[in-house]
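Sequence lines, in order, name chains L and W.
Going by this note's numbering, the residue at position 75 of the first sequence is 75; the numbering climbs one at a time, nothing skipped.
Going by this note's numbering, the residue at position 264 of the second sequence is 264; the numbering climbs one at a time, nothing skipped.
Careful: at least some of the hints might be erroneous.
Only pairs whose alpha carbons sit at most 25 Å apart, straight line, appear in this in silico PhoX-like list of lysine-lysine [said to hold, decoys possible]:
{"hint": "1", "chain 1": "W", "residue 1": "K162", "chain 2": "W", "residue 2": "K268"}
{"hint": "2", "chain 1": "L", "residue 1": "K108", "chain 2": "W", "residue 2": "K33"}
{"hint": "3", "chain 1": "W", "residue 1": "K268", "chain 2": "L", "residue 2": "K131"}
{"hint": "4", "chain 1": "L", "residue 1": "K108", "chain 2": "W", "residue 2": "K162"}
{"hint": "5", "chain 1": "W", "residue 1": "K162", "chain 2": "L", "residue 2": "K106"}
The set of hints was computed from the structure by calculation and includes no laboratory data.
These are the residues of each chain, in order.
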Amino acid sequence: MSLLRIDDMSAGYGAGDVLRGVTLSVDAGEIVVVLGANGAGKTTLMRAVSGMIPRRGTVELDGEDIARSSADAIVRRGLAQVPQGRGTIVDLTVEENLRAGALVRKGKGLAEDLDRWYTTYPRLAERRRQKAGLLSGGEQQMLAISRAMMSRPRMLLCDEPSLGLSPLLTEELFASLSRINGELGMAILVVEQNAMIALEIARRGYLLEVGSLGDSRPADDFASDDSIRAAYLGQ
Amino acid sequence: MDLLIARIVDGLNNGVIYGFLALALVCVYRGTKHLNLAQGEMAMFSAFIAYALYAVGLPVPVAVLGTVLVGFLAGGLVERVLIRPLGHHADYSILLVTIGLFLVLNAGAGVIWGGDPLPFPALVPSSPEDYIAFFGTRLRYQPLLVLGVLIVVMTALFVLFKYTRLGLAMRATASNPESARLLGIRVNRINSLGWMLAAGVGALVGALIAPSTTLTTGMMFNFLIYAAAAATLGGFDSPGGAVLAGILLGIAENIIGSYVWFVGTDLKQAVALVILLAVLMIRPTGMFGTKKVERV
């Protein structure tokens with residue numbers, strides 16, 4: 001059974017729908033990428049799934065209906081989000097950001113989790129007492145991922161993690177997402193404009209074009225499709 | 001020298017009240033970025049409720065705690081019924097609603113309890129002979145009580161904000177409500193809590209100072225102006241800053257009023273506003289407000 005199942009979901013911001021009848025699924029333990037150009041509706045898709053904007057249709061997490069749940073309730077059910085632009089809480093320190101990520105979960109293991117993410121991203125450890133607003137873009141992205149993971153989610157949504165980062169940093173960041181997937185079996189749905197790098201770590205991909213989502217295809221298949229290469233991979 | 005100390009002590013009496021009420025303003029503002037202009041009237045109304053509780057025969061301390069509890073709940077109710085339905089971006093509508101609330105509470109208290117000042121019993125001895133001699137001046141118990149309670153409340157809030165999970169959720173919400181939601185924080189509840197804390201703190205101020213100001217519908221009006229000035233001076237997101245600014249404002253106002261011949265008592269209020277203007281020209285976020293530090 002799919003971990004995340006979206007069927008015929010429509011959403012928008014009041015005047016008309018941006019997304020029309022989107023159908024998508026993510027299985028446990030897999031990375032799925034949604035590719036799309038600027039304005040295709042990628043962020044709208046993320047905001048609709050996470051409950052930040054109203055949506056119609058089916059949204060299920062692990063068989064539970066979350067289509068009418070509020071954004072904070074969805075996070076508490078185990079769907080964590082790395083928002084576009086990283087959503088850094090600039091007035092809190094790095095460590096406070098991470099602790100805020102763990103607020104939704106009860107029980108122990110906070111210290112171990114902090115340790116785990118400081119080990120994964122040593123630069124966060126160096127800056128743990130600094131205001132998060134002072135971090136570089138790449139560090140803020142690492143913080144956003146770690147903070148989402150601090151809630152011990154069942155699944156992770158990533159909204160354009162490469163935004164504003166250098167190619168080298170983007171490479172590093174996607175490698176770490178791949179490791180999170182491999183080591184923790186974490187299912188990840190990532191929307192991304194940088195198709196090339198996203199397809200490297202994904203198992204399957206979807207193409208989002210002006211609010212409509214095509215069928216999913218294996219990631220390798222995308223990478224070898226000439227028309228896709230021309231349109232999305234810049235080749 | 002003794003005269004100077006006496007004037008500082010006098011200024012402190014008022015300054016503590018400014019700071020206390022400023023603390024209430026900050027509790028709402030840091031969460032929602034809204035200025036509750038009815039904060040003073042809510043405190044005034046709470047003082048009348050304390051009076052009513054006392055009048056039916058409850059001991060004074062119980063009446064004070066009772067009104068704090070009532071204020072706490074009423075603050076949540078106001079947020080839920082009057083503020084939240086307007087949405088978080090309706091800044092001007094919310095400002096107007098707080099003005100409306102101001103008028104309703106002021107007129108309401110007048111209708112219920114009348115326009116004449118009511119005597120409010122003090123929690124501490126306050127006959128003319130009750131004081132501590134201090135460098136030739138008299139420290140009275142009443143303002144000392146207000147100062148003591150203020151320090152306790154401020155410390156409690158500091159611990160709440162800085163060292164508890166709830167406080168972390170409140171600070172996260174204050175800084176970035178959208179991100180806070182995406183971390184699973186119930187942002188509406190947090191904002192509600194801000195209003196509850198503010199109204200509770202306000203109720204405490206009202207009931208504590210009523211013995212010295214006497215209980216009237218206008219008792220809080222001047223204090224609110226100074227409290228808003230103090231909160232602005234201290235930085236609207238800094239509870240400690242607001243309190244300190246309130247105290248300094250009270251002292252500065254009194255000293256300037258005493259020593260600058262053309263100010264006297266008539267222009268005291270203007271002094272506070274001039275200080276406010278001067279500080280904001282140098283530090284737009286107030287003395288202790290956090291500048292938004294952000295790299296993009």
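Structure-based check of each hint:
At roughly 36 Å between alpha-carbon atoms, K162 (chain W) and K268 (chain W) are farther apart than 25 Å, so this suggested pair is violated. This hinted pair does not check out: K108 (chain L) and K33 (chain W) have alpha carbons roughly 34 Å apart, beyond 25 Å. A threshold of 25 Å between alpha carbons decides the hint, and for K268 (chain W) with K131 (chain L) the separation of about 40 Å lies outside it, so the pair is violated. The suggested pairing of K108 (chain L) with K162 (chain W) holds, with an alpha-carbon distance near 20 Å, which does not exceed 25 Å.
The straight-line distance between the Cα atoms of K162 (chain W) and K106 (chain L) is roughly 19 Å, inside the 25 Å bound, and the hint therefore holds.
Hint compliance for this structure: hints 1, 2, 3 are not met, and every other hint is.
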